[in-house]
Amino acid sequence: NAGVTQTPKFRILKIGQSMTLQCAQDMNHNYMYWYRQDPGMGLKLIYYSVGAGITDKGEVPNGYNVSRSTTEDFPLRLELAAPSQTSVYFCASTDRAGEQYFGPGTRLTVT
Amino acid sequence: AQKITQTQPGMFVQEKEAVTLDCTYDTSDPSYGLFWYKQPSSGEMIFLIYQGSYDQQNATEGRYSLNFQKARKSANLVISASQLGDSAMYFCAMREGPTSGTYKYIFGTGTRLKVLA
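Protein sequence lines correspond, in order, to chains A and B. Those letters in the first sequence? Residues 1 to 111, per our numbering, in order. Those letters in the second sequence? Residues 112 to 228, per our numbering, in order.
To give an idea of the chain A side of the interface with chain B (calculated C-beta under 10 Å), a few residues:
1) ASN30
2) TYR31
3) GLN37
4) LYS44
5) LEU45
6) TYR48
7) ASP56
8) GLU99
9) PRO104
10) GLY105
11) ARG107
Hints in this document: simulated from the structure, not taken from any laboratory. We treat Cβ as the ideally placed atom computed from N, Cα and C, and that holds for glycine.
Use the sequences and the hints to build the structure in full.
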């Protein structure tokens, strides 16, 4: 049982480049989330999804886009990367009943 | 608006002693969940304990217990018999419930706990 997987683990982008952070879960969870964690800080919600085809903005959505075409996958797209997007990105999923299951995170540096 | 507040940026505790990490919350949703997560220096998020807003008893999981005081809107984490491996960042989180239909989570800023030998 893989749980929540994220790729890549690390990435360095140049300013203005774009990339997609991949997230997949094999627990058949309807709810999926993307967070960013800046150094020494808590997690801030970027986007979330309550099911395939349904997404909504979180606290810090600017500069990001998401899609949810299947229950399993929830990719996060960064367009025109900026240094302010240097962070650790976590994907998570949950059923309604309990805890969020987190992926291992992607450490992104924009230079 | 929903809010989670952790007022202790850092805490020290002697090994084998108990420690309480504070968390207060604010929400207008009558149904919500409260969670604590541990983040060691390796970076992963580890679920520790959960308390539902309608649960009558405080949640316990091994050495972890959640001191839930609904009227005061507090959900403090108590770690008994601290171990060196408990040194980590601890986050309190709240999940909106079915009333809002979103099941969004918000996280506090965290408390860094250092256990001293």
